[in-house]
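J.: Sequence lines, in order, name chains G and V.
Going by the working numbering, the first residue of the first sequence is number 1, and it counts up by one from there.
Going by the working numbering, the first residue of the second sequence is number 1001, and it counts up by one from there.
These are calculated hints, taken from the structure and not from any lab test.
Glycine residues also receive a C-beta, built at the ideal position from the N, C-alpha and C atoms.
Hints may contain errors.
Claimed, not checked - Here are a few chain G residues that face chain V, going by a calculated C-beta distance under 10 Å:
| # | residue |
| --- | --- |
| 1 | Gly-7 |
| 2 | Cys-16 |
| 3 | Trp-44 |
| 4 | Cys-45 |
| 5 | Leu-53 |
| 6 | Ala-54 |
| 7 | Asp-57 |
| 8 | Val-61 |
Claimed, not checked - So these bits of chain V aren't anywhere near chain G, every CB distance computed over 12 Å:
| # | residue |
| --- | --- |
| 9 | Leu-1078 |
| 10 | Met-1135 |
| 11 | Arg-1218 |
| 12 | Ser-1254 |
| 13 | Val-1327 |
| 14 | Gly-1377 |
| 15 | Glu-1424 |
| 16 | Thr-1431 |
| 17 | Asp-1505 |
| 18 | Asp-1553 |
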Amino acid sequence: MRFAESGYYIEQYVKCDNCGVLIYRDEKLSTDPAQTGLVFCTEWCIDWHQQKLAGKDVPTVAGEFDH
Amino acid sequence: MTTRQGMDLVTMNIIENTMITVCREMGITLMKTSYSTIFNEALDFTCGIASPTGEMLAVAEFCPAQIGGMPLLIRSCLEEIPLSDIDPGDIIVHNDPYRGGLHTPEHTLFCPVYIGDELVAFTVAIGHVAEVGGMVPGGFPSEATEIFHEGIRVPPVKIKKRGEDVPEVWKMWLANVRTPRYNYGDMRAMIAGVEQGSQRLAEVIKKYGLDTFKRTCRDLMDYAEARMRAEIADIPDGRYDFVDYMDNDGVSDSEIRIEAHCYVGGDRIVVDFTGSSPQVAGPINATLGVAWSATYNAILHLTDPSIPKNSGCFRPIKVLAPRGSVVNVDFPAPEVGGNTEAHPRIAGAVIGALAQADPARGMAAEGGTHLNFVFGGQDEKNDEYFACYDIEVVGWGARPFADGNNATDSINGNCRVIPTEVFETRYPWLTEQYSLREDSGGSGQFRGGLGTSKTWRCLDTEITCTQLTDRHDHQAWGLEGGGPGAAGQTLYQASDGAAWQTMVDAFNKRSTSKWSNVVIKPGERIQLLTPGGGGWGNPADREPEQVAADLADELISETAATRDYGFRGEDK
């Protein structure tokens, strides 16, 4: 989420490109290794997204979700 | 008794039930002190307790939509108001759908609980405020095309600081609604609930000791997580898919697709809504909070009801809701119907998918709408504007062991119908007829529950009416050969007693189920026919005695008994 410098309003709503959750802080923002410009909230979401991109019909449900 | 992992199960059980009792007492206070029927009759609110890190610790049995949405709401709020900025006596209010909220009318209040100088918990109340400004009286502008049509958005702000009102917030809020006296009273009721809960919880913590309380809360969430993992582990691994539809969005004719893919792996489950429709122009988009809530709601319906309802039981569940879709709308699209109409459809799609994995857990679709009939007008006797959010009930889906329940609020509401006597006393309507709706339950070995039929006549005041409902076209589906429930209908009759008409025919509206700001005059009538639930199993397998009983109780007609069940007169 990008807030105005004043903090009084939101300039941009930032969401994870895999699960859709709002991303409030930069340190939570994981960068896509494929450099597609997508943003993700966790390593888990990057992994899931890559499995789907690779055409895996049933991605492996592995790792903790770290909501 | 202490378990292998060191959990003190007895203390855990006592503290959990005490916290739930605190939540119930908060709800009773809210109900008894509120002004609006949506609170004191329909009970459209939830009360809970959360940790300082935003995890839900306990909740009372009120509105499931709000229960599942609570974790995201709390987390979003704490992102904007850090713990270091919160003081004893503060109350935070928040309703912004684009900051973790569910929909504009849903207002969330947080009250910190302190032991000494330490903030140890929050008490939380989430309530559906009946009037929030915007295009229509009653908060459901079914022809809205942007969030700004839906009423005032309140980001997380303090409405009380150190026990004192913040007048600027009150004035700003109450200047933007049609019924300020009622809104003021309802907000006071919510504040009373969370403040009372805060006092009660502090007493509980002092009784057992802060260290014991903290350890028990951790144990309680771990326990809930373990119970949920055990339930999911019983579901065969694999991918299960299901699709359901909403009729339209009120401003166009296109149907809206809700697609759920459930990936079960060991003791975890990922629910992916990829493939659902892109967000639409009208107000039936769901926020992310709704997608989370609906998914949790569905899975709680399919698992052991004794699992403690806290954030621990949600840990093995991951929701993937594509941004910009009808299950995770992007700013500034309208969304008020997402929490009432999209939620049941999302939950139903998850149930439909997982019913394939384990049919014994499944349930046919329920009516899946709250009818959302809202209205307002000027009460000449009291020289005051009135507004009401009326919830109506639907038929529920049949299960592999029983018929669906009749006349029950949709899956995310758990709300009550306003009693006719209260309704007629407070609003200028006369209820001329109210009954179960014959033949509305889907046929099956187990029959779907029945919807209702209700007719109102406008008495002495012009009433501005709006409705945002669904399932006028897409009926509640059956399972395992069961038939669909009847579709809903909303009809209008002029004061001269002419033929009943849909809102499309009578007022040139786009949708029969989603229409705004129709003025109903004295003598004119509205009829609400609510959808029935889907049936389960082949109707030919229904016991003749059950068919005969349904016939005798006028739940089905002779025509349906013959057509759907092959019932013969001599079977009586």
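J.: So which of those numbered hints doesn't the model satisfy?
T.: 5, 6, 9, 13
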